[in-house]
Amino acid sequence: MTHDEMITTLSSRLGWSEAKANELLKAATEVIGDHLSEPGTLSLPLLGELISRKKREYISLDPATGARYLMPPATELNFRVAPQFRELFAKGGDN
Amino acid sequence: MERTNHMDVTHIVSLVTKKHPAISAEDAGQFIQEWLTLIRDTLLRQEGVESHPFGIFECLAAGDDEPGQPANDNGEVESFRIHFTPSDSLQKSVNSFFAHFEPSLLNEGVMFDELATVNIGEEKLDDLSENLVMRALPAPVLLTEVPVVESEPEISGETSILDAVNQEQMIPEPEISESVTAEPPTPVERESNPPPESSLRRPPTHKSGKRSSIWIPIIGGVAIVIAGLFFFHHPRTNK
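If you're matching them up, the sequences are chains A and B in order.
Mapping of the first sequence onto numbering that gives the first Met the number 0: position 71 corresponds to residue 70, and the numbering continues sequentially without gaps.
Mapping of the second sequence onto numbering that gives the first Met the number 0: position 109 corresponds to residue 108, and the numbering continues sequentially without gaps.
Because the hints were derived from the structure by calculation, they are not lab data.
Every residue, glycine too, gets a C-beta built ideally from N, C-alpha and C.
Just so you know, not all the hints are guaranteed correct.
From chain B, some residues computed to sit far from chain A (all C-beta separations above 12 Å) [what the hints assert, rightly or not]:
no.	residue
1	Ala21
2	Ser212
3	Ile215
4	Ile217
5	Val221
6	Ile223
With a cut-off of at most 27 Å between alpha-carbon atoms, the simulated DSSO-like pairs for lysine-lysine come out as follows [unchecked claim]:
no.	chain 1	residue 1	chain 2	residue 2
7	B	Lys18	B	Lys91
8	A	Lys53	A	Lys25
9	B	Lys91	B	Lys17
10	B	Lys17	A	Lys90
11	B	Lys91	A	Lys25
12	A	Lys19	B	Lys18
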């Protein structure tokens, strides 16, 4: 599903204009990004968790050339599936 | 700003309304509920969802060689991996504190004993086993074919190569030199040419690597002799 299809579907379900749905999506993404800039989690019900964690600096080695790079620390964002989603998926998506 | 380590949708709704007073809490709550429901339903249909400011949720077929693949995948279930790729803007926002750092080349002799060393390309291999989901296959069509498959002689790597050589012997063609000089497929080549579906569904068989390593040079020698006989014998017969 593309971004446009998603916005069209959401706006029709909610009875809103596509502009309003886009505005809400941007606002929600902004807030989520702001929150997850520090290590933490965001629960997405029946779907999973967005987890941000600090990845320490490390040395990246190019085995072909032997060159070594000092990689800076970074905040990584990962997604973990919720057990409820696994169960739903196993049942074929029947709610 | 007040921050907690763990957050749920209600916190997001309150933060959205704080940051954007024009948006009501009811609208924000409704939107986020519908948005998450849409993502979930799409993934349950084994499809992906793309969102420009947020990222891409994908439902990918899990590879057989992926770490964490359950051992009981004998054709009764199919496995998928749910993967989320944050958009560039979300990734930048999340990594804002470290955005100004860049990788730097280390000179010889500079050591950091306390830092881990990771080969390029192996940074995220350990994440492949996460987010596996499984679902039963809808119809056991392949199960009806199992007796037929079992009645066939066991097909192993060396027998398939022998068959190929035998076929070349039976049908000599002008371009036989290409097929004869071709080396047996390497393991990488075998992976790139996936076996037929029936063999994918077959229970794992005992493969003896020692036997195949013995047969490969023998088959290669036979093939070279056949090629030699064909080339040296064929021009004489034409004359």
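Structure versus earlier hints - violations, ascending order: 1 and 10
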